[in-house]
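Participant: Going by numbering that gives the first Met the number 0, 297 is the number at position 298 of the sequence shown; the sequence numbering is gapless.
None of these hints come from the bench; they were simulated from the model.
When the alpha-carbon atoms are kept at most 30 Å apart in a straight line, the in silico DSBU-like pairs for lysine-lysine are as follows:
#1 Lys-126 / Lys-203
#2 Lys-266 / Lys-333
#3 Lys-126 / Lys-266
#4 Lys-54 / Lys-333
#5 Lys-180 / Lys-203
#6 Lys-286 / Lys-108
#7 Lys-137 / Lys-108
#8 Lys-137 / Lys-333
#9 Lys-266 / Lys-180
#10 Lys-203 / Lys-137
Listed next, with one range per pair, are the computed distances between beta-carbon atoms:
#11 Gly-205 / Arg-272: 20 to 30 Å
#12 Asp-259 / Gly-313: 35 to 45 Å
#13 Thr-282 / Glu-152: 34 to 44 Å
#14 Asp-248 / Gly-313: 35 to 45 Å
#15 Glu-312 / Arg-148: 32 to 42 Å
#16 Arg-103 / Gln-307: 35 to 45 Å
#17 Gly-313 / Glu-83: 15 to 25 Å
#18 Glu-147 / Glu-331: 17 to 27 Å
#19 Glu-52 / Arg-293: 36 to 46 Å
#20 Asp-248 / Glu-290: 27 to 37 Å
#21 Leu-130 / Glu-310: 20 to 30 Å
Beta carbons: idealized from backbone N, C-alpha and C, even for Gly.
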Amino acid sequence: MVSQGENALLGHTSGEPSKLGQVSPVPDSPRASRAKDVPGQFPDPIIVSPHQEHKQTFIILHGRGSTAERFAPPLLSMITPSGETLQTAFPHAKLIFLTASRNRATIYKRSLTHQWFDHWHMEEFSKRQELMRAGLRKSAGYVHGILEREIREVGEENVVLWGLSQGCATSLVSLLTWDGKAFAATVGMCGYLPFANHIEDIVKGGSEEDGEDLFGEDERDNDDDPFCNSGDENDGRNGFENDRITKQDLPMQAVTFLRDEIEMEDKAGMVFRDVPVFMGHGTEDEKVPIERGREARTCLDLLGADVQMVEYEGLGHWYSEEMLGNIFGFLEEKLCLS
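Construct the complete structure from the given sequences, taking the supplied hints into account.
Facilitator: In structure tokens, the structure reads:
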């Protein structure tokens with residue numbers, strides 16, 4: 000059976016099998032649907048109950064401009080080359096499809112759209128990265144809350160975080176800022192990693208000795224850069240103190256930078272290293288170029304994450320039967336299925 004709403008996250012979720020495609024009750028009218036979709040607030044998730052006893056939970060995030068209601072049916076109905084669907088391959092899994100809040104998108108002339116965070120044009124992704132901060136903080140915090148509840152219910156070894164496109168980006172940031180128990184796995188489809196260029200630069204030993212912060216602003220105009228110091232303190236950092244920075248310290252500095260950027264300074268540790276990551280990306284992706292996916296994989300490697308990436312020749316900005324089959328195989332290895 001299928002349930003909808005935040006309360007369902009706290010209640011019993013096993014029961015009758017869900018029918019493919021019957022993911023959400025149809026609203027009585029468009030007006031009723033809009034009334035539940037308040038700008039700036041996360042709509043109720045769509046929850047698909049397991050076919051059998053509840054033993055695992057998959058938390059799934061759509062891409063920018065979509066919703067759980069639109070994203071769930073095609074994912075549930077796709078059949079892998081081995082003849083499996085998501086629900087037949089994992090009959091004990093509860094599927095929680097989250098929907099991003101509606102916020103104003105800068106590149107769409109400030110119109111409202113469902114997005115996990117705001118950002119600049121993908122072809123100029125290194126610009127205007129400050130746009131991402133507020134949304135990532137809010138969305139990662141929301142995902143963390145769902146993770147905590149599901150881990151309490153089925154155990155950390157049985158929880159999966161999964162995202163497409165911007166949902167993948169949000170899942171990766173949620174993983175890197177997570178300081179709870181290491182959960183089973185993270186899956187990303189045709190995605191990318193926010194702030195990847197800065198993270199990679201820090202891990203490789205880059206610094207801001209040229210007097211500019213990480214977003215190209217003069218240090219006199221920005222007092223909030225976590226690595227921007229002045230006076231004697233800066234001299235010490237760039238002198239003797241810098242000499243004592245070890246290669247092992249750099250990944251922690253990079254993760255600390257990310258947490259500081261989205262104001263999650265209270266998060267600590269490197270739990271993400273114990274959460275295996277699968278990334279799938281089409282070579283002909285027209286919306287998120289495969290270079291962004293490769294960049295994300297490189298960053299995760301440099302940070303010490305357990306990541307594997309598979310590229311799919313000729314595939315655009317979506318998933319395929321082959322990709323889904325590879326994801327199922329990956330999850331079967333990582334989950335406690337007995």
